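In case you want the letters, here they are:
Number of protein chains: 2
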Amino acid sequence: MKKSRASASESRSLRSIGEDALIALLTSGLTAGAETLVGVGDDCAVLGKPGQRAPYTLFKTDCIVENVHYLADADPAKVGWKAMARAVSDIGAMGGWPIAALATVILHPDTSLAFARGIYRGFQKAGRTYGFGIVGGETSRAPQSGCNMISVSMLGKVEPGRCVLRSTAQADDAVLVTGRLGGSICGRHLTFQPRLEQARWLVEHFKPSAMMDVSDGVARDLPRLAKASGLACSIDRDAIPRNRGCSIDDALTDGEDYELLVTIHPARVECLLEGWRAQFPRLPLTRIGEIRAKAASSDITFGDGGWDHFD
Amino acid sequence: MKKSRASASESRSLRSIGEDALIALLTSGLTAGAETLVGVGDDCAVLGKPGQRAPYTLFKTDCIVENVHYLADADPAKVGWKAMARAVSDIGAMGGWPIAALATVILHPDTSLAFARGIYRGFQKAGRTYGFGIVGGETSRAPQSGCNMISVSMLGKVEPGRCVLRSTAQADDAVLVTGRLGGSICGRHLTFQPRLEQARWLVEHFKPSAMMDVSDGVARDLPRLAKASGLACSIDRDAIPRNRGCSIDDALTDGEDYELLVTIHPARVECLLEGWRAQFPRLPLTRIGEIRAKAASSDITFGDGGWDHFD
Chain A
-8 MKKSRASASE SRSLRSIGED ALIALLTSGL TAGAETLVGV GDDCAVLGKP GQRAPYTLFK
52 TDCIVENVHY LADADPAKVG WKAMARAVSD IGAMGGWPIA ALATVILHPD TSLAFARGIY
112 RGFQKAGRTY GFGIVGGETS RAPQSGCNMI SVSMLGKVEP GRCVLRSTAQ ADDAVLVTGR
172 LGGSICGRHL TFQPRLEQAR WLVEHFKPSA MMDVSDGVAR DLPRLAKASG LACSIDRDAI
232 PRNRGCSIDD ALTDGEDYEL LVTIHPARVE CLLEGWRAQF PRLPLTRIGE IRAKAASSDI
292 TFGDGGWDHF D
Chain B
-8 MKKSRASASE SRSLRSIGED ALIALLTSGL TAGAETLVGV GDDCAVLGKP GQRAPYTLFK
52 TDCIVENVHY LADADPAKVG WKAMARAVSD IGAMGGWPIA ALATVILHPD TSLAFARGIY
112 RGFQKAGRTY GFGIVGGETS RAPQSGCNMI SVSMLGKVEP GRCVLRSTAQ ADDAVLVTGR
172 LGGSICGRHL TFQPRLEQAR WLVEHFKPSA MMDVSDGVAR DLPRLAKASG LACSIDRDAI
232 PRNRGCSIDD ALTDGEDYEL LVTIHPARVE CLLEGWRAQF PRLPLTRIGE IRAKAASSDI
292 TFGDGGWDHF D
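Chains as they are written, first to last, in our numbering: chain A, -8 to 302; chain B, -8 to 302.
Because the hints were derived from the structure by calculation, they are not lab data. Remember, it's a predicted structure, so these values are computed and weren't measured experimentally. Do not take every clue at face value.
As the list claims (entries may be wrong) - Per the computed footprint, the stretches of chain A lying under chain B, defined by three or more beta-carbons under 8 Å from a beta-carbon of chain B, are:
hint: 1; region: 156 to 169
hint: 2; region: 200 to 209
Unchecked claim - Here are the simulated DSS-like pairs of lysine-lysine, each with C-alpha atoms no more than 25 Å apart in a straight line:
hint: 3; chain 1: A; residue 1: 116; chain 2: A; residue 2: 69
hint: 4; chain 1: A; residue 1: 40; chain 2: A; residue 2: 116
hint: 5; chain 1: B; residue 1: 148; chain 2: A; residue 2: 40
hint: 6; chain 1: B; residue 1: 116; chain 2: A; residue 2: 40
hint: 7; chain 1: A; residue 1: 198; chain 2: A; residue 2: 285
hint: 8; chain 1: B; residue 1: 148; chain 2: B; residue 2: 198
hint: 9; chain 1: A; residue 1: 40; chain 2: B; residue 2: 40
hint: 10; chain 1: A; residue 1: 218; chain 2: A; residue 2: 285
hint: 11; chain 1: A; residue 1: 198; chain 2: A; residue 2: 116
hint: 12; chain 1: B; residue 1: 285; chain 2: B; residue 2: 40
hint: 13; chain 1: A; residue 1: 148; chain 2: B; residue 2: 116
hint: 14; chain 1: A; residue 1: 148; chain 2: B; residue 2: 40
hint: 15; chain 1: B; residue 1: 40; chain 2: A; residue 2: 116
hint: 16; chain 1: A; residue 1: 69; chain 2: A; residue 2: 40
In this text, a Cβ means the ideal position worked out from N, Cα and C, and glycines have one as well.
Given only the sequences and the hints, what does the whole structure look like? Please build it.
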């Protein structure tokens, strides 16, 4: 009886399983390897040996798919930029800087050469802007029924003392976010600038207790950070910095913001904000919530006031 | 007039362009980055600084697509193994060893959970067999019309003195190949063992002048090695070691052998073969041709005897 239940469960399709649950199911029990400091679960894997003084290696892969992450009639140079910039954003969110990228570009055979070249122009622009090399990869034709996609692998470096994880937030830490949120779909998702410079400044001057980039919206990503740290969190809805035309809910859930989500001891917030304003006068940094001790009940709950609570 | 010709050329589809030509068109002019010793064009990118004593980093990405590299009803654990083993083979062909891998798994929503888990079991087996960690990646559902694919990124290491490129063969070098060729499609393409141990032994004891793995058949891959070295080559057709049931042409062109193609000074061949037989008594190493100075005519020519000549 037990066996037949198990096989029924194994035969169900991926359609019926949520994304986070699927990844947890598939990656649990993977061997991390001798030089793995951080494996599955953070913005990047961190490779190195405990106590080493040389920079750690950051390792990330990220994939964009036509009609999911961009439309077929998008400017191909922007598509190429986006593919690279997403990975740069993940490297930055660990406190590091990018070194080299490989791109796997799978294109439908009817794609024009001009479109393919445009994608590589976008890669090149991102590499020059953020100082990494495009050192190889693969260009394949998709099967006739397939769609276009780009998978990027990126290597970065980070000094051991400046590497920031998402799993090391502390109870009572303040939560801050860079920039403004929401409405990325109107175009910014193809042209955004990863907060690499800002993240490097943060880890040097006000090292956060935890950090990640906001790719799926603060309402999904902050609870992930809190959960990775074994903690809960609250969001001050009224404090969320919004882009023009966005409701609070848009700003919380739209995704593809690629801003930095930062936690820091509450006593350091004033000083951080003062330093930030002097360094980045045109980019807001906003306190939007706090990390909290985990309540006995571990479900996500929504407050009826201006705060959302995620246990 | 010129302009309209250029745009006509840009608007042609990828269908009309050969694979090597397409890659050359798209990757020419890419910025390699400050720490890139070898970029586009070899089995792996090589990252490091000239003169460094610490191991170089090897960086590779490789992708397999359903109904191109495996059939939809294949054993998923073998599919996962193959995805990893192909990248291990490339790391080995540079003289290195694998450290860590990331896997991007894109699956059609109707794929069963059991199939997805099987793929990860194959990853895990490869990681344990060759001593690298599976440190993350991505699992996405393909759009309804898309097909399953797996992209693997792998990091390896190699001592600077043991790193072997494909572009450093010398005129008059002997060409050797490990194992037997052809017929991989009958099943071996899903279960092959990359020649990692053999490659490490070679770079330690009889460092080849150039090396690569045979993925598209010796008849395509040896001319690539020769071309990368600015040289030509000849293949002794009758010497080609064949798998059972394979003609010479099968062995030369079938592909997916994942054997090592090695060049070495002709004076060292006898000594190498003797050492090899003592070390790997069950795996043949066979002399199959030579590297030649480039003739004035630079086309590929076929001899009418037992030798194929590639200028």
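Evaluation of the provided hints:
no. : hint          : in the structure
1   : 156 to 169    : violated (count 0)
2   : 200 to 209    : violated (count 0)
3   : A:116 / A:69  : holds, 10 Å
4   : A:40 / A:116  : violated, 33 Å
5   : B:148 / A:40  : holds, 14 Å
6   : B:116 / A:40  : holds, 24 Å
7   : A:198 / A:285 : holds, 24 Å
8   : B:148 / B:198 : holds, 17 Å
9   : A:40 / B:40   : holds, 20 Å
10  : A:218 / A:285 : holds, 9 Å
11  : A:198 / A:116 : violated, 29 Å
12  : B:285 / B:40  : violated, 32 Å
13  : A:148 / B:116 : violated, 29 Å
14  : A:148 / B:40  : holds, 14 Å
15  : B:40 / A:116  : holds, 24 Å
16  : A:69 / A:40   : violated, 37 Å
Taken one by one, the earlier hints fail for this structure at numbers 1, 2, 4, 11, 12, 13 and 16, listed in ascending order.
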